[in-house]
Every structure is written in structure tokens, then in C-alpha cells.
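Numbering (mature numbering (1 follows the signal peptide of the UniProt record, and there is no 0)), first residue to last: -19 to -1, 1 to 98.
Some clues are possibly wrong.
[As the list claims (entries may be wrong)] Quick list of in silico lysine-lysine cross-link-like pairs, BS3-like style, CA-CA up to 30 Å:
hint: 1; residue 1: Lys6; residue 2: Lys73
hint: 2; residue 1: Lys93; residue 2: Lys59
hint: 3; residue 1: Lys59; residue 2: Lys44
hint: 4; residue 1: Lys83; residue 2: Lys35
hint: 5; residue 1: Lys95; residue 2: Lys32
hint: 6; residue 1: Lys98; residue 2: Lys73
hint: 7; residue 1: Lys7; residue 2: Lys95
hint: 8; residue 1: Lys35; residue 2: Lys98
hint: 9; residue 1: Lys93; residue 2: Lys44
hint: 10; residue 1: Lys95; residue 2: Lys73
hint: 11; residue 1: Lys7; residue 2: Lys21
hint: 12; residue 1: Lys83; residue 2: Lys59
hint: 13; residue 1: Lys44; residue 2: Lys83
hint: 14; residue 1: Lys7; residue 2: Lys59
hint: 15; residue 1: Lys32; residue 2: Lys59
hint: 16; residue 1: Lys93; residue 2: Lys47
hint: 17; residue 1: Lys98; residue 2: Lys15
hint: 18; residue 1: Lys83; residue 2: Lys95
hint: 19; residue 1: Lys44; residue 2: Lys32
hint: 20; residue 1: Lys59; residue 2: Lys73
hint: 21; residue 1: Lys15; residue 2: Lys95
hint: 22; residue 1: Lys32; residue 2: Lys83
hint: 23; residue 1: Lys44; residue 2: Lys6
It should be emphasised that the hints constitute simulated quantities derived from the structure, not laboratory data.
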Amino acid sequence: MKKIFLMLVLVSVTFFTLAQNDYQKKYPYNEYNKGWALVKTQSGTYGFVDKNGKSVVFPIYSKIEKFGQYDQDLALVKSISDSYGFIDRQGKEAIPAIYDLKEIETNFRSIKSKHIK
């Protein structure tokens, strides 16, 4: 039941953020990944856009860390349901945001090997 609720919330947030045309804040390009700018929506979620304004990572996360904290090619993301995962430098969710932060901190290598071959 919790997973269904979480999925409905994520779909709703995705739909809502896709319907928005402007952002509350747009951070400088290249601070996180070459050619990307971090954006914050009116609802407080974060994502990335490229220099053409096209979404590279839809703004569905409550927090996005810089690449390299755990792995050079991965950035830690926090979902709106307070679970964590990772995106890669292509903007894809490499490790789903289903983990507790403590679990990532203690078992990062095994989590990474489970999802990234």
C-alpha cells in the first residue's frame, strides 16, 4: 500500500512539475554537470535543465547533491518521500530512490553493484 501511495505521489508531482513553464530559481550552469543548471520549482522540487531549457532531470526531487560524493558519475538524490537514490551524468535514475540515507552510507558498494553492472 505504501508503494502504491508513493508511486501516486511521484506521478502527481511529475505531472505538476511538467505543467510548469518557469522555475522559482535557476542556478548557474556547469556547477553540477557540464551544460546543466539546477532548477527549483514553485513547489520546492529540484531537477536539471540543459542550455536550451530542456529538462534533463525532471524536477521531482526534494534535494540533489553534487556528483562525486559517493561516485564520480553519480549524484545522490532525495525523493519527496525522504528516500534516497542516485542519478547518473546522463540524467537517468541509476539507483532508484528507495533507500534510507544510513543504508546508503553503510552499504553503498553493494547497493551500487546491485543496480549498476
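Checklist line | Non-conforming hints, listed in increasing numerical order | finding: 4, 5, 7, 22
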